[in-house]
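Asks: Sequence:
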Amino acid sequence: MKADGRKLAVVLPNKDAHGRPMLLIKLGAWDPASLPQFRFQRAVNVWLEQLTRDPASQAVGICVILDFGGWSASKILACELGLVKQAIRFLQDVLPLRITKVHVVKQPKTFNMFFSLLKPFLSKDELSRFQLHGDCFEKLRTEVPENHLPSEYGGTAPSLDFDGIWERLREEDGEFRENNIYGYHHKS
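Numbering-wise, UniProt numbering puts 143 at position 143 of the sequence shown, and it's gapless, one number per residue.
Simulated from the structure, these hints should not be mistaken for lab results.
A virtual CB, placed ideally from N, CA and C, is assigned to each residue, including glycine.
Incorrect hints may appear among the rest.
Below, simulated DSS-like cross-link-like pairs (lysine-lysine); rule was C-alpha separation at most 30 Å, straight line [claimed, not checked]:
#1 K124 to K106
#2 K139 to K7
#3 K85 to K75
#4 K109 to K7
#5 K119 to K15
#6 K106 to K7
Across the chosen pairs, the derived CB separations fall in these ranges [to be verified]:
#7 E172 to V94: 16 to 22 Å
#8 L132 to K7: 21 to 27 Å
#9 S159 to P120: 18 to 24 Å
#10 V94 to P120: 18 to 24 Å
#11 G134 to T100: 17 to 23 Å
#12 R170 to S34: 18 to 24 Å
#13 D163 to G134: 25 to 31 Å
#14 S123 to I76: 20 to 26 Å
#15 G82 to K139: 29 to 35 Å
#16 K109 to E172: 18 to 24 Å
#17 T156 to H18: 18 to 24 Å
#18 L83 to Q131: 32 to 38 Å
#19 R170 to T52: 16 to 22 Å
Whenever a hint applies, use it, and build me the whole structure from the sequences.
Replies: In structure tokens:
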């Protein structure tokens, strides 16, 4: 993964209060001018594939923290709706894990516009898993222990070393390459 995509998604080192692995996705930090949407989605997919190897993710699901700090209308306009729909379908129909909780943090008013575009692709059950926190992390800390959250999310854990985490993941590069020779064919 190129450096411009490395600080946008990462599996946090600890689990939430329910034993679920946590995936942090920094949507607001995405710069569409330097990183195409499909590459951003590819970075997220690397972590999702990593999560499928954790037995806990298949037993109790995963928790996703979506950081929308820095999100803007220009980023919404840069989104290709077809790729967004494809990503949602990938999560719903392909991955052998369930997203059981989605915490949305630091969302600006433009988030509502983006979320309204997503709603038609999400089931009622999936929509019920979203919890909006804004900049108030008090409720988030009831779901994620304070010592498991980096300080930028109201916790006491150290800041994330994205480069170090990606380097550890890079050690598994051969396994990812092997998995990529298998395809997913969609019925027309």
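Asks: All the hints need checking, so say for each whether the structure fits it.
Replies: Okay, the hints, checked on the actual structure:
1. K124 to K106: Holds, because 24 Å separates the two Cα atoms, which is no more than 30 Å.
2. K139 to K7: holds, 25 Å
3. K85 to K75: Within the cut-off at roughly 16 Å; holds.
4. K109 to K7: holds, 23 Å
5. K119 to K15: Holds, at roughly 27 Å.
6. K106 to K7: Between K106 and K7 the Cα gap is close to 17 Å, so the pair holds against 30 Å.
7. E172 to V94: 16 to 22 Å: With Cβ atoms ~20 Å apart, the hint holds.
8. L132 to K7: 21 to 27 Å: Hint holds: Cβ distance 23 Å, inside 21 to 27 Å.
9. S159 to P120: 18 to 24 Å: violated, 37 Å
10. V94 to P120: 18 to 24 Å: holds, 19 Å
11. G134 to T100: 17 to 23 Å: Since G134 and T100 have Cβ atoms about 21 Å apart, the given range 17 to 23 Å holds.
12. R170 to S34: 18 to 24 Å: holds, 21 Å
13. D163 to G134: 25 to 31 Å: Because 29 Å falls inside the window, the suggested range holds.
14. S123 to I76: 20 to 26 Å: holds, 22 Å
15. G82 to K139: 29 to 35 Å: With Cβ atoms ~34 Å apart, the hint holds.
16. K109 to E172: 18 to 24 Å: Distance hint for K109, E172 is violated at roughly 40 Å.
17. T156 to H18: 18 to 24 Å: holds, 20 Å
18. L83 to Q131: 32 to 38 Å: Distance hint for L83, Q131 is violated at roughly 25 Å.
19. R170 to T52: 16 to 22 Å: Between R170 and T52, where Cβ atoms are some 18 Å apart, the hint holds.
Going down the numbered hints, you'll see the structure goes against 9, 16, 18, while the others check out.
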